[in-house]
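**Q** Each protein sequence line maps, in turn, to chains E and D.
Sequential numbering from 86 applies to the first sequence in the numbering used here.
Sequential numbering from 86 applies to the second sequence in the numbering used here.
Hints may be right or wrong, so weigh each one.
If several chains are the same, the list does not tell them apart, and a pair holds so long as it fits within one copy or across any two.
As the list claims (entries may be wrong) - BS3-like cross-link-like pairs, simulated, lysine-lysine; straight-line CA separation at most 30 angstroms:
id: 1; residue 1: Lys-455; residue 2: Lys-170
id: 2; residue 1: Lys-418; residue 2: Lys-111
id: 3; residue 1: Lys-379; residue 2: Lys-297
id: 4; residue 1: Lys-185; residue 2: Lys-111
id: 5; residue 1: Lys-241; residue 2: Lys-379
id: 6; residue 1: Lys-379; residue 2: Lys-189
id: 7; residue 1: Lys-375; residue 2: Lys-307
id: 8; residue 1: Lys-307; residue 2: Lys-395
id: 9; residue 1: Lys-170; residue 2: Lys-276
id: 10; residue 1: Lys-307; residue 2: Lys-297
id: 11; residue 1: Lys-276; residue 2: Lys-189
id: 12; residue 1: Lys-575; residue 2: Lys-111
id: 13; residue 1: Lys-395; residue 2: Lys-379
id: 14; residue 1: Lys-189; residue 2: Lys-418
id: 15; residue 1: Lys-575; residue 2: Lys-493
id: 16; residue 1: Lys-276; residue 2: Lys-395
id: 17; residue 1: Lys-170; residue 2: Lys-575
id: 18; residue 1: Lys-276; residue 2: Lys-575
id: 19; residue 1: Lys-455; residue 2: Lys-418
id: 20; residue 1: Lys-276; residue 2: Lys-493
id: 21; residue 1: Lys-575; residue 2: Lys-558
id: 22; residue 1: Lys-276; residue 2: Lys-307
id: 23; residue 1: Lys-375; residue 2: Lys-241
If you're looking for bench data, these hints aren't it; they were derived computationally from the structure.
Residues per chain are reported as follows:
2 protein chains.
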Amino acid sequence: MFNDSSPAEIETIMQNAWNAFHIYRKLSLQQRANFMRAIATALESCGDELIHTAMQETNLPEARLRGERGRTIFQLNSYAAACEKGDWLEARIDTAIPEKVPPKPDIRKMLVPLGPVLVFGASNFPFAYSTAGGDTACAFAAGCPVIVKAHPAHPKTSTIVAQAILTAADSCNMPTGIFAHVYGAGFEVGKALVTHPYTKAVGFTGSFTGGKQLFDWGNQRKEPIPVFAEMGSINPVFLLPEKLNSSFAEIAQQYAASITLGVGQFCTNPGLIIGIEGEGLQNFIHDLGKSIQKIVPAPMLHTGIVNAYKINKGNALLQEDVHLVAESETMVKDNEGLPTVATASAEAFLNNPVLHQEVFGPYSLVIRCKDMHEMIEVARHLEGQLTATLMATSSELQQQVELVEVVKNICGRFILNSVPTGVEVCLSMHHGGPFPASTDSRYSSVGADGIKRFARPMAFQNWSNELLPDELKNENQLGIWRTINDELSKAAI
Amino acid sequence: MFNDSSPAEIETIMQNAWNAFHIYRKLSLQQRANFMRAIATALESCGDELIHTAMQETNLPEARLRGERGRTIFQLNSYAAACEKGDWLEARIDTAIPEKVPPKPDIRKMLVPLGPVLVFGASNFPFAYSTAGGDTACAFAAGCPVIVKAHPAHPKTSTIVAQAILTAADSCNMPTGIFAHVYGAGFEVGKALVTHPYTKAVGFTGSFTGGKQLFDWGNQRKEPIPVFAEMGSINPVFLLPEKLNSSFAEIAQQYAASITLGVGQFCTNPGLIIGIEGEGLQNFIHDLGKSIQKIVPAPMLHTGIVNAYKINKGNALLQEDVHLVAESETMVKDNEGLPTVATASAEAFLNNPVLHQEVFGPYSLVIRCKDMHEMIEVARHLEGQLTATLMATSSELQQQVELVEVVKNICGRFILNSVPTGVEVCLSMHHGGPFPASTDSRYSSVGADGIKRFARPMAFQNWSNELLPDELKNENQLGIWRTINDELSKAAI
């Protein structure tokens, strides 16, 4: 049913996207926002057909998919609002000082779009990080046409969403080529798209292997382009003794739920839990195991992910000094992910890079440290992470400054006394982190700041007012925030 | 006198920088700013010795060097003010909404420093883009230690400036390792520094070959790091006929000065001037030639640059359909750059990539187009540029929308009816541009926005007020701008 796009088709698609870019980038912020809102409405109009198709293709339950569609619609609408508001444009104006020697010219700067953006659909978020997901919404807000490569695990779902985007584009009189939907089961189509000269940026959420390959292709081009790959992480959780002793039962329950939420198929899944040997940790491990035993396995997204989970988990459990704590007691089917918790000493973890790798699924490894010193050693040896979490009392936080500082330096989001799963869509969210969590720690793939991934600053020097873009004109008709002679202001000049 | 740093020395320097990072990044914005201001004062205190040493090493005249030191001091002071002001932190706060389902947590985000930054001194700006130049100032403001690799063309100048920085560091009680000065005539030292695991970002201004090599090393690391290489460009100037006809003499004079300013050793030197065949262009070429003949040659920065200028210019003049217009009439010495203007048809330019390459020095090529259509073709075939300039009347700008749009898309700064040389240090400046002008078009190497090159966002979720960094605390004691629940504000919470 779904054939790979041919090189000739890709060429036409990219030419159309390039042509569309020159029209779309001149449209007003309001026109872009209206288009995004029309996509949100069209997604809503897809009704149950979209939900049922996604259920078939992803094995995700109905409630989750309805919730995820709601999130996707919220993203489109809230990024549309941010687009119109214009804070992201980073408008800066320095007015002329003719009497200076040499005279200071009038200079005005704002962000302008990069060009056509290629988005790879993610398998674990068929709506929110796929066809009309966060990357697509950010690119449209920035003023860029979008080419989506459908994830091969949910092509029908992706097609319905793509049709909704095209309907919205039509109703808003968007230029031909503003959006294209491409299939490709193998790597050839992806490679042809990333290396096409008209592609100016790439958004991706998925595995390290996939993301790193796109990053390398992007950088090896004659004209290198930014590749924003969010590649997941093991999201370490540090359990400090006082906190653990006082509430091990509650934490165990909270984490059993977080580890197995969505069959563990979230990039913020807590895959590593680090505690200090003692009664509190023993109790925690015991209770966590008991809770995990009671959790009923559920189907994973697709065969590839189930098989990878079995292999990676099996491999982790085979490592020296790794011991199984508990598995779900319910009999597991072939397509299901078996909730599992294991444990290892800090020494084993420090000496074995295999244990630092993400096991994508409902699995977590509890690391037992001899003391706080060893816990800090573990923190020091961690790679870049999307999130890190501390479970600690106030007095522990005040005492353990070194641990806090080490952890700060490796994560994109630092959570206190909660769980890393659940990524709020808001401006203060940072979803990204030092490599290998993402390829560019300076950008977020969640929240309206993600728009800035697809734009670059451009300065106008010595232009007369009527020739400037509306965003930089004296009048400030759009009412946006601008930094005028070093002071933030909404004032006209 | 100056030996390459050994691998053991580099290891010690990087270890010290890493240790310093963990202390320096916790210092307040004010402490960072005070340190930067102390460097500015120490630079001033270097007095005439610094100027005279730089004159010997760079062949640049005294007035220029005094001016450049002034610019460097201004950069340090103005980026210090920006650092304290904190707009660059992009502080975002979303307060908790406990009644939401699921409850929305309190999330607060700000930029945090990347880690030790490696800066390569530039030969053409011995002060402003070298040891204590823009990259160094931005890195210190961001909270990062700096390792400078001295440019081999001015090691003594660099050493004096490095000593000034160390004096300032000492007087401000900065941690050991906050700054290091490294020598390396060959590529080995640079490569060892770029590929060292503790190096987290690189700043460079120089040739395409050098910058691209650093970019590749940076991306090929196990942990890729951002490499901000500003690699120059040919800075095209478009002469529209009505404007040219009315003021060819004035424009010719203005451009003869711009082409030869600083012996053409600026990355914004106008290396390509594009006009449309006709009397206006003929008159312009004639007058430009006359002006160039009268300009007295001056010594270039160093032997390598003079020789490269001779070879690259000679090669450009040998290309088919390229004709010499004029050279300076003054006899040229071996170490001097001979002011030169040549001309070619648009057809020749479109068919010959050699003519698209930068000839670093006092040289410019005038391209003759048959009509506006061909001028747009030339614009379409240009690579990414730091700057582009239009010389046009208001009515021409209104008519030539297509040209304006094409040019917008290839440049970082777009100048109207002026010259590209002269890069104002202010927030609205963008010095950077689409590849190959720079390796990351999203960042500027001039102006306080350059601080953001060396920082990444980090979100704090569910932290209590007293544990947050001062910048994100409810009180807003620092009085910085923050986006609170989507609205920019200086208010406390």
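**Q** Determine for every hint whether it applies to the structure shown.
**A** These are the hints, each one checked on the structure:
no., hint, result
1, Lys-455 / Lys-170, "neither (52 angstroms within a copy, 44 angstroms between copies)"
2, Lys-418 / Lys-111, "neither (54 angstroms within a copy, 51 angstroms between copies)"
3, Lys-379 / Lys-297, "neither (37 angstroms within a copy, 56 angstroms between copies)"
4, Lys-185 / Lys-111, "neither (35 angstroms within a copy, 38 angstroms between copies)"
5, Lys-241 / Lys-379, "neither (34 angstroms within a copy, 72 angstroms between copies)"
6, Lys-379 / Lys-189, "between (71 angstroms within a copy, 28 angstroms between copies)"
7, Lys-375 / Lys-307, "neither (56 angstroms within a copy, 40 angstroms between copies)"
8, Lys-307 / Lys-395, "between (40 angstroms within a copy, 27 angstroms between copies)"
9, Lys-170 / Lys-276, "neither (36 angstroms within a copy, 44 angstroms between copies)"
10, Lys-307 / Lys-297, "both (18 angstroms within a copy, 11 angstroms between copies)"
11, Lys-276 / Lys-189, "neither (47 angstroms within a copy, 39 angstroms between copies)"
12, Lys-575 / Lys-111, "within (23 angstroms within a copy, 33 angstroms between copies)"
13, Lys-395 / Lys-379, "within (20 angstroms within a copy, 79 angstroms between copies)"
14, Lys-189 / Lys-418, "neither (72 angstroms within a copy, 35 angstroms between copies)"
15, Lys-575 / Lys-493, "between (35 angstroms within a copy, 26 angstroms between copies)"
16, Lys-276 / Lys-395, "within (29 angstroms within a copy, 41 angstroms between copies)"
17, Lys-170 / Lys-575, "both (11 angstroms within a copy, 18 angstroms between copies)"
18, Lys-276 / Lys-575, "neither (44 angstroms within a copy, 47 angstroms between copies)"
19, Lys-455 / Lys-418, "neither (38 angstroms within a copy, 73 angstroms between copies)"
20, Lys-276 / Lys-493, "between (35 angstroms within a copy, 28 angstroms between copies)"
21, Lys-575 / Lys-558, "both (12 angstroms within a copy, 25 angstroms between copies)"
22, Lys-276 / Lys-307, "both (14 angstroms within a copy, 22 angstroms between copies)"
23, Lys-375 / Lys-241, "neither (39 angstroms within a copy, 69 angstroms between copies)"
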